[in-house]
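Engineer: Sequence:
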Amino acid sequence: MYPRVEISLDKIRHNAKKLISLCNNNGINVAAVTKVFCGMPEIAKVLVESGASVLADSRIENLKRLQSIEVPKLLLRLPMISQADEVVQFADISLNSELETIRVLSQKAVDRSKIHSIILMIDLGDLREGILDEEETLKTVAEILRLKGIKLLGLGTNLTCYAGVIPKHENLNHLVNIKEKIEKEFSIKLEIVSGGNSSSLYLLDGGEGVPKGINQLRLGESIVLGRETAFGNIMEDTYEDCFRLVTEIIEIKDKPSLPIGEIGMDAFGNKPVFQDKGIRKRAICAIGKQDVSIDNIVPEDEKITIFGGSSDHLIIDVTDSLKNYKVGDKVSFKLSYGGILSTSTSEYVAKVFI
Numbered sequence: 000m001y002p003r004v005e006i007s008l009d010k011i012r013h014n015a016k017k018l019i020s021l022c023n024n025n026g027i028n029v030a031a032v033t034k035v036f037c038g039m040p041e042i043a044k045v046l047v048e049s050g051a052s053v054l055a056d057s058r059i060e061n062l063k064r065l066q067s068i069e070v071p072k073l074l075l076r077l078p079m080i081s082q083a084d085e086v087v088q089f090a091d092i093s094l095n096s097e098l099e100t101i102r103v104l105s106q107k108a109v110d111r112s113k114i115h116s117i118i119l120m121i122d123l124g125d126l127r128e129g130i131l132d133e134e135e136t137l138k139t140v141a142e143i144l145r146l147k148g149i150k151l152l153g154l155g156t157n158l159t160c161y162a163g164v165i166p167k168h169e170n171l172n173h174l175v176n177i178k179e180k181i182e183k184e185f186s187i188k189l190e191i192v193s194g195g196n197s198s199s200l201y202l203l204d205g206g207e208g209v210p211k212g213i214n215q216l217r218l219g220e221s222i223v224l225g226r227e228t229a230f231g232n233i234m235e236d237t238y239e240d241c242f243r244l245v246t247e248i249i250e251i252k253d254k255p256s257l258p259i260g261e262i263g264m265d266a267f268g269n270k271p272v273f274q275d276k277g278i279r280k281r282a283i284c285a286i287g288k289q290d291v292s293i294d295n296i297v298p299e300d301e302k303i304t305i306f307g308g309s310s311d312h313l314i315i316d317v318t319d320s321l322k323n324y325k326v327g328d329k330v331s332f333k334l335s336y337g338g339i340l341s342t343s344t345s346e347y348v349a350k351v352f353i
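Take the sequence shown: its position 215, counted from the start at 1, is 214 in numbering that gives the first Met the number 0, and no numbers get skipped.
Be aware that one or more of the hints could be misleading.
Said to hold, decoys possible - With a straight-line Cα cutoff of 27 Å, these simulated DSSO-like cross-link-like pairs (lysine-lysine) come out: (1) 63 <-> 16; (2) 180 <-> 150; (3) 17 <-> 350.
Think of the hints as simulated: they come from the structure by calculation, not from any bench.
Model the full structure from these sequences, guided by the hints.
Structural biologist: And the structure:
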């Protein structure tokens, strides 16, 4: 069935073991992030077998698929109040920054006779989720400790995902300092200091290391693409092609590279611009922007270029290819993180384990 994403469990296992071992050797546990592949249990099981201590996802819908795998489940995106009951039911831990939400989680946990653990998020400057002010952090902790059904498991932060702020020893050390201040002021012990995501890996892989006290990283992109995300460097002895997209050609015609007629808006409200390259051999593949952003795929055949596409069609230039493509032939593409995410989400793209 095409289009399809071919997924190598062996390559994912190799990457996961490599990166989890790197973290464990530095006193860090790994929460393996499953959101990019929509919580497919087949992949999640490989991650746990490879040493992941937690499975983490932004969507409750994905965590529901993982209930039979016996490791703690972590909700990455701040909970919606409207979804609080499901959060308590399907996530053992959630990241939080809003006291109002934590109060609702407390009530839902009491209703279910459960203890729900939370990691309080601290904003170290990337300006996405988290408490920026230290005084507000201490006041929030004081309130959390009064709530029934809630366990303050630790502190966490997120870097690079929004503003691109790079994890450094200095900003991560600030997180550890806040943790120590909380422990001293409230006479408690925080179990987890979650020091970010795959962008923190460069500090371990030949870098200065992370501050002592950081004991968890949340890894997703590094496992599926073999790279740290602060600078985008491929990590040694990892695979970049755990996921590949395979499409089928449904038309091949020689046509001009410039459209004929007055140019208006395309199907997405944009006015396209074209370059005159003369007559080209153009192939149409049966996949479109509904399934994947064209910017997130790269042809494996380096002689193929992408012209563009519409909702359901991908138009490529095969003129210079050494292969004589025909209707029904398959064309394969490398996927970026965004490409894996969108094709995993699309119900129109088959997922095949190889």
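Engineer: Against this structure, judge whether each hint is valid.
Structural biologist: Tested hints:
Restraint check for residue 63 and residue 16: satisfied, since their Cα atoms lie roughly 25 Å apart, inside the 27 Å limit. Proximity of residue 180 to residue 150 is assessed by CA-CA distance (about 18 Å); at most 27 Å being required, the pair is judged to hold. The hinted pair formed by residue 17 and residue 350 meets the criterion: a straight-line CA distance of about 25 Å does not exceed 27 Å.
In this structure, every one of the numbered hints holds.
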